[in-house]
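Taken in sequence, the protein lines are chains A and B.
Taken in order, the first sequence gives residues 1 to 300; the numbers are from the numbering used here.
Taken in order, the second sequence gives residues 1001 to 1300; the numbers are from the numbering used here.
A few of these clues could be false.
Cut-off 27 angstroms, straight-line C-alpha distance, at most; resulting in silico cross-link-like pairs (DSS-like, lysine-lysine) [stated by the list, open to error]:
no. : chain 1 : residue 1 : chain 2 : residue 2
1   : B       : 1184      : A       : 265
2   : B       : 1230      : A       : 109
3   : B       : 1114      : B       : 1041
4   : A       : 16        : A       : 2
5   : A       : 114       : B       : 1114
6   : A       : 188       : B       : 1114
7   : A       : 184       : A       : 16
8   : A       : 188       : B       : 1224
9   : B       : 1224      : B       : 1109
10  : B       : 1016      : A       : 230
11  : A       : 230       : B       : 1109
12  : B       : 1002      : A       : 265
13  : A       : 265       : B       : 1230
14  : A       : 265       : B       : 1109
15  : A       : 184       : B       : 1265
16  : B       : 1109      : A       : 184
17  : A       : 188       : B       : 1109
18  : A       : 109       : A       : 90
19  : A       : 224       : B       : 1090
20  : B       : 1184      : A       : 109
21  : A       : 109       : B       : 1265
22  : B       : 1002      : B       : 1265
I should point out that these hints are in silico values taken from the structure, not numbers from a laboratory.
Protein chains: 2
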Amino acid sequence: MKYSSFEQIAQVCRGKEGLKRVAVAGAADQHVLQAVIEAHKEGIAEPVLVGDPERIAEELSKLGCPADSFETVPAYSNQECGQVAVELVKEERADFLMKGMIETRDIMKPLVDKENGLNTGRTMSMFTYNYVPQMTRLLALADGGMIPYPTLEQKKDIVMNCVESLHKLGIERPTVAILCGVEKVNPKMPETTDAAALVEMNRKGEIEGCEIYGPISFDIFMDKEIARLKGYDCPCAGDFDCCIVPSMAAGNLMHKAMIICGGTKMAGVIVGAKVPVVLSSRGASAEEKFVSMALASLLS
Amino acid sequence: MKYSSFEQIAQVCRGKEGLKRVAVAGAADQHVLQAVIEAHKEGIAEPVLVGDPERIAEELSKLGCPADSFETVPAYSNQECGQVAVELVKEERADFLMKGMIETRDIMKPLVDKENGLNTGRTMSMFTYNYVPQMTRLLALADGGMIPYPTLEQKKDIVMNCVESLHKLGIERPTVAILCGVEKVNPKMPETTDAAALVEMNRKGEIEGCEIYGPISFDIFMDKEIARLKGYDCPCAGDFDCCIVPSMAAGNLMHKAMIICGGTKMAGVIVGAKVPVVLSSRGASAEEKFVSMALASLLS
């Protein structure tokens, strides 16, 4: 399996039997409701709206939707919205989560809380899936948004989160690049020794179901010809399924450079909990929100 | 003064009175000689070749040049080439340095050695000057290649190296962005507190002759409209002269993403010593080598 466009994700999602239900925490907002209405219309997910029922009805009517279009579960404060949405998943009344107009911490707190049963003990991380015009397949990128300075143990979790997500998307044995500023292991640069350690964990079977390469620099990662010139023995240079960044700052700067200077388009969810969480910001494009929901639906 | 193309750098360089002399450490190589012959022909610099005179003459003849085209100073081992080139600068027989076919450490060691008088006590850093198709002016970027994890003190030196370089290029009061993954100061993310500290040093006059902004995320840095939407009060968003990256890995990944995905073109020199050092790799394009030499000539 290989995805080369966002449209393909939506298609695969539509082809699945039974609509997944998304608990939308803090749904009383035009932008949020527009996104879930679109996702429902397109056969991506069935929303369960969590928030103030009166305000939700009001916003729905502005969008020309009857108040009873979707199941609505009352919750009033932001904290309550997060808690109730998480409980809906716990009670199997929803399959995945979406952050609406509440703060990220309002949904992360009940998600992490072991009482609610959605914390798997694994580090949670962002999983972005990207259309990169310079590549032939969609590229998973992690973690550009959750953990500022991941330890080796956390990087292992990040890799496993990505690999399991790619398996769920139908990619059997994803290739994973551990990106660094250089392609040689240097004891003075911990990100390069971490990369070597992750490759070793993969070789020993501690991280299974994927092929890990690293440390690898961005030019080798992107270009088979540069890899050949630099003598980097790696059959998937220019054609990786996934890349892991050394830190949040590095990942964020690199990812935004790809987006702003290179036309990359992203979709993203939080993975590592029992169900994925769609976390698109208000600034996200309609396409990003839609594809993120299709992605979460496939991962749940 | 504002540069918008590499051609402009070459023009300004040609317009200066008197050719600068470049000591080429390890000159007995086709690629290196091609670059210096081109720079000489274009009125950018007068080469002083350091290396084995017989081998240099041989390589010159292959390129159709008489052996006595340029001054040649004999040196045999790589270490000797570095040392002799640095001594030429010390003796004022050369104005700047270029690394030919020797290792970077072979030129850095005599450069750092206080005996040779070129070490200013300031941290040395890479100064790359970039044509970024998405921007209206050339962008200085540092440090993507010398210091893996710069301390605040080293970042201050990196900023001062850039600012002084931009002054030499005729940019009177450059605007400097301290790039981070986020635009808010977060005590848990040292790169953001460093950014705030650099802004404060600028306000107090410890770093003069520039305007420093930060922490600033890549999207705000690149786009005035995003800055406005995110409420980031900064008149030069989308129009900075210079950006400072939080670490070598972050800078390298971001810079290569701009180059490979976004069509950015770079030229680069090492600054912070008494004279600049051209350090283009064998893989560098002819344009990169040429512009790097013009840049070094203007900075020396």
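Here is how each hint holds up against the structure:
| no. | hint | verdict |
| --- | --- | --- |
| 1 | 1184/B x 265/A | holds (24 angstroms) |
| 2 | 1230/B x 109/A | holds (25 angstroms) |
| 3 | 1114/B x 1041/B | violated (35 angstroms) |
| 4 | 16/A x 2/A | holds (17 angstroms) |
| 5 | 114/A x 1114/B | violated (60 angstroms) |
| 6 | 188/A x 1114/B | holds (25 angstroms) |
| 7 | 184/A x 16/A | violated (43 angstroms) |
| 8 | 188/A x 1224/B | violated (38 angstroms) |
| 9 | 1224/B x 1109/B | violated (43 angstroms) |
| 10 | 1016/B x 230/A | violated (38 angstroms) |
| 11 | 230/A x 1109/B | holds (25 angstroms) |
| 12 | 1002/B x 265/A | violated (32 angstroms) |
| 13 | 265/A x 1230/B | holds (20 angstroms) |
| 14 | 265/A x 1109/B | violated (45 angstroms) |
| 15 | 184/A x 1265/B | holds (24 angstroms) |
| 16 | 1109/B x 184/A | holds (22 angstroms) |
| 17 | 188/A x 1109/B | holds (19 angstroms) |
| 18 | 109/A x 90/A | holds (14 angstroms) |
| 19 | 224/A x 1090/B | violated (43 angstroms) |
| 20 | 1184/B x 109/A | holds (22 angstroms) |
| 21 | 109/A x 1265/B | violated (45 angstroms) |
| 22 | 1002/B x 1265/B | holds (17 angstroms) |
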